[in-house]
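Visitor: Please construct the entire structure, taking both the sequences and the accompanying hints into account.
Protein chains: 2
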Amino acid sequence: MSELEEYQKTPRSTVNRLKKRAVYDHDTVHNIIDSVPVLHVSFVPVSLEDDPFPATLPMLGCTGSFTSESPDAVLSIYLHGYVSSRLMKLPASNVSEEELPGTPVCIAATHLDGLVLALTPFHHSCNYRSAIVHGWAHIVTNSAEKIYALERITDNMLSNRWENTRVPPTKAEMDSTGVLRVDIVSASAKVRAGGPSDDRPDLKDEELTQRVWTGVVPSWIQYGEPIPGPNNHVGSVPDYITKWVQWENEKNGRQARDAVFLEVNKK
Amino acid sequence: MSELEEYQKTPRSTVNRLKKRAVYDHDTVHNIIDSVPVLHVSFVPVSLEDDPFPATLPMLGCTGSFTSESPDAVLSIYLHGYVSSRLMKLPASNVSEEELPGTPVCIAATHLDGLVLALTPFHHSCNYRSAIVHGWAHIVTNSAEKIYALERITDNMLSNRWENTRVPPTKAEMDSTGVLRVDIVSASAKVRAGGPSDDRPDLKDEELTQRVWTGVVPSWIQYGEPIPGPNNHVGSVPDYITKWVQWENEKNGRQARDAVFLEVNKK
Chain A
1 MSELEEYQKT
11 PRSTVNRLKK
21 RAVYDHDTVH
31 NIIDSVPVLH
41 VSFVPVSLED
51 DPFPATLPML
61 GCTGSFTSES
71 PDAVLSIYLH
81 GYVSSRLMKL
91 PASNVSEEEL
101 PGTPVCIAAT
111 HLDGLVLALT
121 PFHHSCNYRS
131 AIVHGWAHIV
141 TNSAEKIYAL
151 ERITDNMLSN
161 RWENTRVPPT
171 KAEMDSTGVL
181 RVDIVSASAK
191 VRAGGPSDDR
201 PDLKDEELTQ
211 RVWTGVVPSW
221 IQYGEPIPGP
231 NNHVGSVPDY
241 ITKWVQWENE
251 KNGRQARDAV
261 FLEVNKK
Chain B
1 MSELEEYQKT
11 PRSTVNRLKK
21 RAVYDHDTVH
31 NIIDSVPVLH
41 VSFVPVSLED
51 DPFPATLPML
61 GCTGSFTSES
71 PDAVLSIYLH
81 GYVSSRLMKL
91 PASNVSEEEL
101 PGTPVCIAAT
111 HLDGLVLALT
121 PFHHSCNYRS
131 AIVHGWAHIV
141 TNSAEKIYAL
151 ERITDNMLSN
161 RWENTRVPPT
171 KAEMDSTGVL
181 RVDIVSASAK
191 VRAGGPSDDR
201 PDLKDEELTQ
211 RVWTGVVPSW
221 IQYGEPIPGP
231 NNHVGSVPDY
241 ITKWVQWENE
251 KNGRQARDAV
261 FLEVNKK
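Line by line, the protein sequences give chains A and B. Take 1 as the starting number for the first sequence in the working numbering and just add one per residue. Take 1 as the starting number for the second sequence in the working numbering and just add one per residue.
Careful: at least some of the hints might be erroneous.
[Claimed, not checked] Computed from the model, here is a short list of chain A residues facing chain B with C-beta under 8 angstroms:
#1 26
#2 43
#3 178
[Stated by the list, open to error] With beta-carbon atoms standing in for the labels, derived distance ranges:
#4 B:73 to A:246: 41 to 49 angstroms
#5 B:163 to A:201: 15 to 23 angstroms
#6 B:174 to A:242: 45 to 53 angstroms
#7 B:243 to A:143: 38 to 46 angstroms
#8 B:170 to A:247: 42 to 50 angstroms
Keep in mind the hints are simulated off the structure, nothing from the lab. By construction, the Cβ of each residue, glycine as well, lies at the ideal position given by its N, Cα and C atoms.
Guide: Here is the structure:
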């Protein structure tokens, strides 16, 4: 991997604990962001004196690069939001555009790949893939960029869905749909894989090892059989949906099981 | 439900958009927190001038009430963390105990129950259950409370696991395990359930309704067949694990499918 493909390690994004679990390459970060169905977006409230608590919203979103000439360059994360929410209001009401280049947000995405069961509670752990991105959030006002983002977010939810719906959106729909672009400042990923890791004295304790089962219970997001709505008039579930469900379940299950046998970042 | 069982609606916890999706009762909030395998914990950095971005950590945790005499009263969320992490350091290095009663944090937990596929991208949505809790975080130093929290967190991960491992932890294990207690200040939950909700003109468009499949793809967390570790010496997977896996998968799948037929909070 070339250096250009890695995010810069800043003090903020540097993972201090268990450095060997930390990975910074673009592909890992983007893959986690795009495969987690719900992102958690955090921001600092308008006045810390009145309200000292950070705020978090669950949002739909995915990576994108509308302004880049290279299709591989991911510069931003697009989020589907509502213009009236507190987050979307922040740039206008709180942060001066002259002071900061946008609203500072933190986007978190985590996949649980399995429960790691060791001889002692102390060594219990989880296999997971987690990405944290910091960036400047902006409301997208350019129509072409907004359409680009909505198509990406819709197809990231379920492949090929956009072209299989009524598009383009009407002007009223566009006006009442909010889209945020978060320009990435720093990003990092943390991955834990492998089986349980126990201490030597416990491993030598025969009474204990005969009694306590150790291993991993893999876990993943499973999609069920599609359930038609009351106004559906299409006789059977289209192929692009059934194939996507099958593909996702196979991929997600395989990834969780494969993680057990990876020898990296086990501790 | 009595008023005592509901969280107070503060400006911070009041869900502004789509109020009918918002629920504030304890049971809903606690159930979401305890059934989501990974919580996202956000906090404000030490100096906003040097670093304007909020920080988020994925953590294991669950509700608890060590100090309460009533077993039903949940006053806190316990988080399993590491004493060296930035979050755990905050109370000592930044926030004066005299100024604030702890480190202000936001805990987010979201279940995706399904992808809601409508005639138009605009009406695409997700069925979900999401909880947001604000509270004051403290490092737990009392040994009895720490053991209480670790047992709860371990058993919340997998029922009955604690008693089926080597317990109690050694002093060295206890000393190097960090536990945070977050005393709940405010909390809210948001729930979206039901099928797709389309506009009348689209529903009357026969070409469209003949072409676009509408409905819900249910989704849930699935646990796979337990995979023994290289040092496991127990012949078969114990009943309490296989039964728990079966129970969780049945419950999670049923909940996702049932959500499709709930008529609340559909819009």
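Visitor: So, for every hint listed, does it hold in this structure?
Guide: How the hints compare with the structure:
The interface hint given for residue 26 of chain A is violated, since its Cβ lies 19 angstroms from the closest Cβ of chain B, which is over the 8 angstroms cut-off. Interface restraint check for residue 43 of chain A: the shortest CB-CB distance to chain B comes to about 6 angstroms, inside 8 angstroms, so the restraint holds. Residue-level restraint check for residue 178 of chain A is violated (minimum Cβ-Cβ distance to chain B is 10 angstroms; threshold 8 angstroms). Here the CB-CB span from residue 73 of chain B to residue 246 of chain A is close to 46 angstroms, well matched to the stated 41 to 49 angstroms.
The supplied range of 15 to 23 angstroms is met by residue 163 of chain B and residue 201 of chain A, whose beta-carbon atoms lie about 21 angstroms from each other. Distance hint check for residue 174 of chain B and residue 242 of chain A: the Cβ-Cβ separation is about 51 angstroms, which falls inside the suggested range of 45 to 53 angstroms. Remark: the range hint 38 to 46 angstroms for residue 243 of chain B to residue 143 of chain A is contradicted by a beta-carbon distance near 55 angstroms. Taking 42 to 50 angstroms as the suggested C-beta distance range, the pair residue 170 of chain B and residue 247 of chain A conforms, at roughly 46 angstroms.
Going through the hint list in order, the structure does not satisfy hints 1, 3, 7.
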